[in-house]
Amino acid sequence: MPDITRDEVAHLAALSRIDLSDAELDHMAPQLSVILDAVASITGVVGDDVPATSHPLPLTNVFREDVVTPSLTAEQALSGAPEVEEQRFAVPRILGEEA
Amino acid sequence: MSIDLTRATAAQMADALAAGETTSVALTQAALDRIAATDGDAEAGIHAFLHVDAEGALAQAAASDARRAAGEPLSALDGVPVAVKDVLATTGLPTTCGSKILEGWVPPYDATVVKRLKDAGLPILGKTNMDEFAMGSSTEHSAYGPTRNPWDTTRIPGGSGGGSAAAVAAFQAPLALGTDTGGSIRQPGSVTGTVGVKPTYGAVSRYGLVAMANSLDQVGPVTRTVLDSALLQELIGGHDPLDSTSVVEPLPSLVDAAKQGAAGDLTGVKVGVITELGGDGYQAGVRARFTEALDKLVAAGAEVVEVSCPSFVHALAAYYLVMPCEASSNLARFDAMRYGLRVMPEGNDSPSAEAVMRATRDAGFGDEVKRRIILGTYALSSGYYDAYYGTAQKVRTLIQRDFEAAFASVDVLVSPTAPTTAFKLGEKLDDPLAMYLNDLATIPANLAGVPGMSLPAGLAEEDGLPVGFQILAPQLADDRLYRVGAALEAALEKEWGGPLLDRAPEVATLTSTEGAL
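Chains as they are written, first to last, in this note's numbering: chain U, 1 to 99; chain Z, 100 to 616.
Worth flagging that the hints you see were computed from the coordinates, not collected in a lab.
All values derive from a computational prediction rather than experimental measurement.
Among the clues, some could well be false.
[Claimed, not checked] Taking CB as the label site, the calculated pair distances span:
| id | chain 1 | residue 1 | chain 2 | residue 2 | range |
| --- | --- | --- | --- | --- | --- |
| 1 | U | Glu65 | Z | Gly400 | 36 to 42 Å |
| 2 | U | Gly47 | Z | Ala607 | 54 to 60 Å |
| 3 | Z | Ala175 | U | Thr69 | 38 to 44 Å |
| 4 | U | Asp48 | Z | Leu341 | 56 to 62 Å |
| 5 | U | Leu59 | Z | Gly244 | 35 to 41 Å |
| 6 | Z | Tyr484 | U | Arg88 | 42 to 48 Å |
| 7 | Z | Glu202 | U | Thr69 | 44 to 50 Å |
| 8 | U | Thr73 | Z | Gly244 | 32 to 38 Å |
| 9 | Z | Glu503 | U | Glu65 | 33 to 39 Å |
| 10 | U | Val68 | Z | Ser449 | 39 to 45 Å |
| 11 | U | Pro30 | Z | Arg432 | 26 to 32 Å |
Heads up, the beta-carbon is just placed ideally off N, CA and C, and yes, glycines get one too.
Can you make the complete structure from the sequences, with help from the hints?
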């Protein structure tokens, strides 16, 4: 089951928003198959009666009083931005090619 | 008695400062000189540091000296310099996580642990090298070139925190911070002959740590002695309201535990040797040093028994599903919009935000990061979610149950930290699965959130390289690591006639020191 094809890797890369080159796809697809083969060994080792653990500590929601606390200034928040315009993050157009 | 300004332990430096025998400026300058002489760059030298902040560190040192002179209250490590892994946010200093996607990024806030270092008067020497986004066991996945092991510069310093471990082993810094998601503090400690501790999950704040896998990541100390780790963990640990997964209840005193252990009496302590983490697949010299260390524990009065943790055989597979799933989600934040790199795709006059994001992530992420993002995306896809992520979460439950059952009968569990000593640079770079196998013994602690320590157990006779001894304790019982670790350290150093690092070859001094600063 775990064999992963080059086309599947290309699809997953698109979902992950990474433009992989042909060379990268050629290189990565067989590597991912080997890794998946190894990790797939656990499918079926546990029964339905075992509950899932998502987190090592039994934590419940943490609340605080709803009061204003100091936070970053606009300048600080924008300090690492690739592009800034009128105290805002400037981004490329967000609509797709066909829109 | 005057101390060696670079080779002294942090505790000795603190004592010398308190006695007025040296100054923080002198200690900090000595560390900076040592870095300048030995660190080099991506091509040669240890290359433990990605950024060195001589000016900032000396200013912090001078401030500590001034507070001391004025009789103001001081922390236990006030004035002792420290290095910080480049995955922790530092105002005024670049924070790259070893990635091109964050090249030159200077965070507008400090991680809580960094703030605690600054508040406690520890001069920050700089930021240490690491596998990109802490993904790796060799520091070779850094976009800025590998760190080299001070014991043999043709070998890996471990990873992901190879920079912090190598800096401490090469006497460039007495203390460093690391982070451990699957062994990134303990495995570098093992292969560099240093001490590294992964505290109980949540015992040290993760606010300002660039996340790889939230349910596994933990900040911890990297030092040359058990006592120094105790001092550093006490300083950075404790509840932080900015980290919602932070543990509220305080830990027992770690420094007291280390001092108690150093007295050498382990009468009444029950030590469990994990059957599944040893034997075949572990290098002969690793097994030999581990067995001898067990004899030392027995000689100190501990009772040593064998304990089976049958689900540990599935830990590596569960980890390499849980971690990529969390990482693929976490790293979605690197979208080229708000901070970090932005790359415009070629041949497109008006690219969409999505096209910019795809081009940026291809150019900005290295191979290992891409592999893990794609693996995580796959394992979280509909149709595979239950079989992979769902099963991995259930295996996690089984591993927690194994720990609970084991700790019902013993106080601590022990194993070798890593199956081998330091391997050659490049040896496993293109074989991801072989690289992953290095984390075999360290991963169970992360999956269960229990604390773990690695400390030096000696040198393997076949290659003369350090071997690490791992101690694991129940959640919130970090003090047990320090008690048992300090006792073992004292017994081994008595036999060796001094610290293991005294036997490390002298690190080459570079003719040109321009690379470091």
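Quiz item: Lying within 35 to 41 Å: is that true of the beta-carbon distance leucine 59/U to glycine 244/Z?
Solution: About 39 Å separates the Cβ atoms of leucine 59/U and glycine 244/Z, which means 35 to 41 Å holds.
Practice problem: Please test the hint of 42 to 48 Å on the beta carbon pair from tyrosine 484/Z and arginine 88/U. | Solution: 37 Å, violated
Quiz item: Would you say the C-beta atoms of glutamate 503/Z and glutamate 65/U sit inside 33 to 39 Å of each other?
Solution: Holds, since glutamate 503/Z and glutamate 65/U (Cβ atoms, about 36 Å apart) stay within the stated range.
Practice problem: Could you tell me whether the CB distance from threonine 73/U to glycine 244/Z stays inside 32 to 38 Å? | Solution: Between threonine 73/U and glycine 244/Z, where Cβ atoms are some 36 Å apart, the hint holds.
Exercise. Just tell me: holds or violated, for the beta carbon distance of aspartate 48/U and leucine 341/Z against 56 to 62 Å?
Key: 38 Å, violated
Quiz prompt | Outcome for the supplied range 54 to 60 Å, where the beta carbon pair is glycine 47/U and alanine 607/Z | solution = 57 Å, holds
Quiz item: Range hint 39 to 45 Å: satisfied by the CB atoms of valine 68/U and serine 449/Z?
Solution: 40 Å, holds
Quiz prompt | Cβ distance range 26 to 32 Å for proline 30/U and arginine 432/Z, holds or violated | solution = 29 Å, holds
Practice problem: Could you say whether the range 36 to 42 Å given as a hint is met by the Cβ separation of glutamate 65/U and glycine 400/Z? | Solution: 50 Å, violated
Self-check item: Satisfaction of the hinted span 44 to 50 Å by the C-beta atoms belonging to glutamate 202/Z and threonine 69/U
Solution: Distance hint for glutamate 202/Z, threonine 69/U is violated at roughly 31 Å.
Self-check item: Pairwise beta carbon distance, alanine 175/Z to threonine 69/U, judged against the given window 38 to 44 Å
Solution: Violated: the Cβ-Cβ distance is about 29 Å, outside 38 to 44 Å.
Of the hints listed earlier, those the structure fails to meet are numbers 1, 3, 4, 6 and 7, in rising order.
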